[in-house]
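Chemist: One-letter residues, chain by chain:
Number of protein chains: 2
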Amino acid sequence: MRLNQASDFALRLVMQCAMQPDITHRIDHVVKQQGFSKGHVMKLVNQLARCGILETVRGRGGGFRLGRFAKDITVGDVVRAVESDFAIVECLRADAMQSVECCFLPACRLKPLMMKASKAFLAILDDMTIEAAISGVPVPAALGVKESE
Amino acid sequence: MRLNQASDFALRLVMQCAMQPDITHRIDHVVKQQGFSKGHVMKLVNQLARCGILETVRGRGGGFRLGRFAKDITVGDVVRAVESDFAIVECLRADAMQSVECCFLPACRLKPLMMKASKAFLAILDDMTIEAAISGVPVPAALGVKESE
Chain A
70 MRLNQASDFA
80 LRLVMQCAMQ
90 PDITHRIDHV
100 VKQQGFSKGH
110 VMKLVNQLAR
120 CGILETVRGR
130 GGGFRLGRFA
140 KDITVGDVVR
150 AVESDFAIVE
160 CLRADAMQSV
170 ECCFLPACRL
180 KPLMMKASKA
190 FLAILDDMTI
200 EAAISGVPVP
210 AALGVKESE
Chain B
70 MRLNQASDFA
80 LRLVMQCAMQ
90 PDITHRIDHV
100 VKQQGFSKGH
110 VMKLVNQLAR
120 CGILETVRGR
130 GGGFRLGRFA
140 KDITVGDVVR
150 AVESDFAIVE
160 CLRADAMQSV
170 ECCFLPACRL
180 KPLMMKASKA
190 FLAILDDMTI
200 EAAISGVPVP
210 AALGVKESE
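Protein sequence lines, in the order shown, are assigned to chains A and B. When we follow this note's numbering, the leftmost residue of the first sequence carries the number 70, and every step to the right adds one. When we follow this note's numbering, the leftmost residue of the second sequence carries the number 70, and every step to the right adds one.
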């Protein structure tokens, strides 16, 4: 059972912003620091900005930073913002009745169970804010980038 | 967020056995009925047999059937039996400290949170037995195979 890599990377992006809330983070720096591809980071920043988790800053010296306080963002918020697929099993996909060949599908009781399990999973992720997630974690040396660099 | 395809297929195998507990199911039939590959079914049957969820019957007319009553098998039992990876995120893998490049890894608080969320997910799956999962589901025509066929 896995989250998509997008969630993993998005959590690191948001944690990085939360650890250094006073600077505007630049995509090129994040690409270098975290080893993600530029296209991937740009897509994630846009998705997170659409939900208000990040805000983008245009122009020279532009980039992104937290859109609200780290105490007001849960781990679940970040995962929901970028995880495209909570289908858990094939037959929970929106188009499943057309595309999934499973003879149990029309009457199967697993579908509501899987949806309930997925909600329980996310509810636990909502128990922790990004502020709590980074609490006590020293700023890693790799993140020590000043805006003037 | 997805379970591996193995869990999806294993649940269908076990449900099929539970719907027709009095017959020995043959791998060739299941391959035909459910559209899985033979190698995949053989691997799943072995994994489920190791946990006592299925039992295998050797020789001519051999195959597999439930290893215990459907009321004594939960959906979570089946998923645990075949899902190889509950790592949720990259850094929960056993070899993560060596292979994952994440500057938060040494002190990150997300790891225990993800483990807790994974447990909450499985706890919900343990709330339903295979007997309950198939309750009220009519035996699909495709499963109407007699042992004598």
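Hints were generated in silico from the structure; no laboratory data involved. Mixed in with the good hints, there may be bad ones.
The list makes no distinction among identical chains, and a pair is therefore deemed to hold if it is satisfied within one copy or across any two copies.
Said to hold, decoys possible - DSBU-like mimics (lysine-lysine), calculated; alpha carbons at most 30 Å apart, straight line: (1) K101 / K180; (2) K140 / K180; (3) K101 / K188; (4) K107 / K180; (5) K140 / K188; (6) K101 / K112; (7) K140 / K101; (8) K185 / K140.
Chemist: Hints first: check each against the structure and report whether it holds.
Modeler: Evaluation of the provided hints:
In this assembly of identical chains, the alpha carbons of K101 and K180 lie at most 30 Å apart only when taken from different copies (24 Å versus 42 Å within one copy). With identical chains, the CA atoms of K140 and K180 are at most 30 Å apart between copies only, with a shortest distance of 19 Å across copies and 34 Å within one. Within a single copy, K101 and K188 get their C-alpha atoms no closer than 35 Å, and across copies no closer than 35 Å, so neither meets the 30 Å cut-off. For the identical chains of this complex, K107 and K180 are inter-copy neighbours only, at 26 Å across copies versus 37 Å inside a copy, given an alpha-carbon limit of 30 Å.
In the homo-oligomer, the alpha carbons of K140 and K188 lie at most 30 Å apart both inside one protomer (22 Å) and across protomers (25 Å), since each shortest distance falls under that limit. Taking the closest pair of Cα atoms, K101 and K112 come within 30 Å of each other only inside a single copy of the chain (16 Å); across copies the shortest separation is 42 Å, beyond that limit. With identical chains, the CA atoms of K140 and K101 are at most 30 Å apart within one copy only, with a shortest distance of 27 Å there and 54 Å across copies. For the homomeric pair K185 and K140, the shortest alpha-carbon distances inside one copy (27 Å) and between copies (20 Å) are both at most 30 Å.
Checked against the numbered hints given earlier, the structure breaks only hint 3 and satisfies all the rest.
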